[in-house]
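Protein sequence lines, in the order shown, are assigned to chains V and L.
In the working numbering, each number is its position in the first sequence, counted from 1, plus 2.
In the working numbering, each number is its position in the second sequence, counted from 1, plus 2.
Any given hint could turn out to be false.
In this list, chains with the same sequence are indistinguishable; a pair is considered to hold if it fits within one copy or across any two.
Derived DSBU-like pairs: lysine-lysine, alpha-carbon spacing no greater than 30 Å straight-line [unchecked claim]: (1) Lys79 with Lys133; (2) Lys6 with Lys129; (3) Lys34 with Lys133; (4) Lys6 with Lys16.
Worth flagging that the hints you see were computed from the coordinates, not collected in a lab.
2 protein chains.
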Amino acid sequence: MEQKIQSLASLGTKNFTVYLDEVSLRNGSVSKRICIDHPQAAAIVPFVSENEIILVRQYRYALKRETLEIPAGKIDKGESPEECIKRELVEETGFEVKTIKWLYTYAPAIGYSNEFIHLYSGRDLKKLEKKIDENEISSLEILTLEEVLGMIRDHKIIDGKTIIALAFIRSLI
Amino acid sequence: MEQKIQSLASLGTKNFTVYLDEVSLRNGSVSKRICIDHPQAAAIVPFVSENEIILVRQYRYALKRETLEIPAGKIDKGESPEECIKRELVEETGFEVKTIKWLYTYAPAIGYSNEFIHLYSGRDLKKLEKKIDENEISSLEILTLEEVLGMIRDHKIIDGKTIIALAFIRSLI
Numbered sequence: 003m004e005q006k007i008q009s010l011a012s013l014g015t016k017n018f019t020v021y022l023d024e025v026s027l028r029n030g031s032v033s034k035r036i037c038i039d040h041p042q043a044a045a046i047v048p049f050v051s052e053n054e055i056i057l058v059r060q061y062r063y064a065l066k067r068e069t070l071e072i073p074a075g076k077i078d079k080g081e082s083p084e085e086c087i088k089r090e091l092v093e094e095t096g097f098e099v100k101t102i103k104w105l106y107t108y109a110p111a112i113g114y115s116n117e118f119i120h121l122y123s124g125r126d127l128k129k130l131e132k133k134i135d136e137n138e139i140s141s142l143e144i145l146t147l148e149e150v151l152g153m154i155r156d157h158k159i160i161d162g163k164t165i166i167a168l169a170f171i172r173s174l175i
Numbered sequence: 003m004e005q006k007i008q009s010l011a012s013l014g015t016k017n018f019t020v021y022l023d024e025v026s027l028r029n030g031s032v033s034k035r036i037c038i039d040h041p042q043a044a045a046i047v048p049f050v051s052e053n054e055i056i057l058v059r060q061y062r063y064a065l066k067r068e069t070l071e072i073p074a075g076k077i078d079k080g081e082s083p084e085e086c087i088k089r090e091l092v093e094e095t096g097f098e099v100k101t102i103k104w105l106y107t108y109a110p111a112i113g114y115s116n117e118f119i120h121l122y123s124g125r126d127l128k129k130l131e132k133k134i135d136e137n138e139i140s141s142l143e144i145l146t147l148e149e150v151l152g153m154i155r156d157h158k159i160i161d162g163k164t165i166i167a168l169a170f171i172r173s174l175i
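Sequences are here, hints too, so could you generate the full structure?
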């Protein structure tokens with residue numbers, strides 16, 4: 003158990019806030035903890051056919067590079083995880099999804115963030131006449147599950163949520 | 003591509019630093035990004051027998067709860083991932099490991115952190131006459147792989163690195 007004494011400082015964007023807290027440890031000594039107060043998030047493995055899924059390529063500022071990953075986003079206030087992932091899929095890919103199935107919910111970065119990510123699979127997709135958010139998404143790639151698993155093994159995909167979602171899709175856990 | 007204009011503010015502990023940066027987006031508009039400059043980390047699935055592994059229970063301040071997870075820690079300056087995980091295993095469990103095997107390296111939180119976690123399996127463990135870091139670790143649990151997979155399915159384990167390491171242990175990706 004670590005008890006908060008006080009928040010020493012914080013940084014925020016419109017999406018989330020980071021706190022630097024002074025805490026008392028179990029042995030009574032005082033230390034500091036960085037803690038991101040993050041909204042929950044949702045991600046989806048969108049099937050366009052029995053064995054093909056859509057991935058999005060996007061620039062990730064924290065990594066200073068592009069990544070290939072499943073569509074995902076933060077849950078807005080008042081939104082359910084299911085509503086969030088349907089909205090994000092349209093924004094990022096231009097596809098509407100009819101049938102979604104919950105796969106798993108996990109915590110990606112327990113050392114410094116309270117984020118939880120809800121993972122889904124999606125089927126019965128329909129392309130809308132809508133432009134995708136080109137500020138966020140560089141390109142879409144449609145790949146077979148085997149191709150995606152190969153790209154994970156080859157480190158062409160290194161994103162934790164994509165790897166965990168694929169493990170659950172294959173019923174491997 | 004998102005170009006940094008300037009860092010507006012930062013928060014730091016001895017372990018890592020968080021920056022609030024002003025960035026220019028692809029369409030030329032200006033936005034803010036929170037970005038954790040985090041050292042790389044290492045984690046290990048330590049086998050005490052053919053089918054039993056050691057997990058550690060520890061309080062995670064960001065989640066305000068205890069979690070059950072594989073031993074892990076941040077890589078110190080000048081340390082290799084292999085040296086790091088051997089040191090962390092001793093500190094967190096009191097066990098020395100002779101044989102380690104790299105499983106995978108991934109990025110847990112690409113939305114706001116540049117952290118990479120190197121995952122290993124470990125065999126040929128030896129208990130040392132050494133106290134574990136009780137400020138950090140609440141207890142050790144020795145469980146079979148099947149028990150751990152069941153606890154993941156039941157959400158008694160929700161930690162991303164533990165889930166990914168177990169998927170690779172089972173050669174499921």
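So, going through the hints one by one against the coordinates:
| no. | hint | result |
| --- | --- | --- |
| 1 | Lys79 with Lys133 | within (24 Å within a copy, 46 Å between copies) |
| 2 | Lys6 with Lys129 | neither (49 Å within a copy, 34 Å between copies) |
| 3 | Lys34 with Lys133 | between (45 Å within a copy, 24 Å between copies) |
| 4 | Lys6 with Lys16 | both (24 Å within a copy, 18 Å between copies) |
The structure fails to meet hint 2 from the earlier list, while all remaining hints are met.
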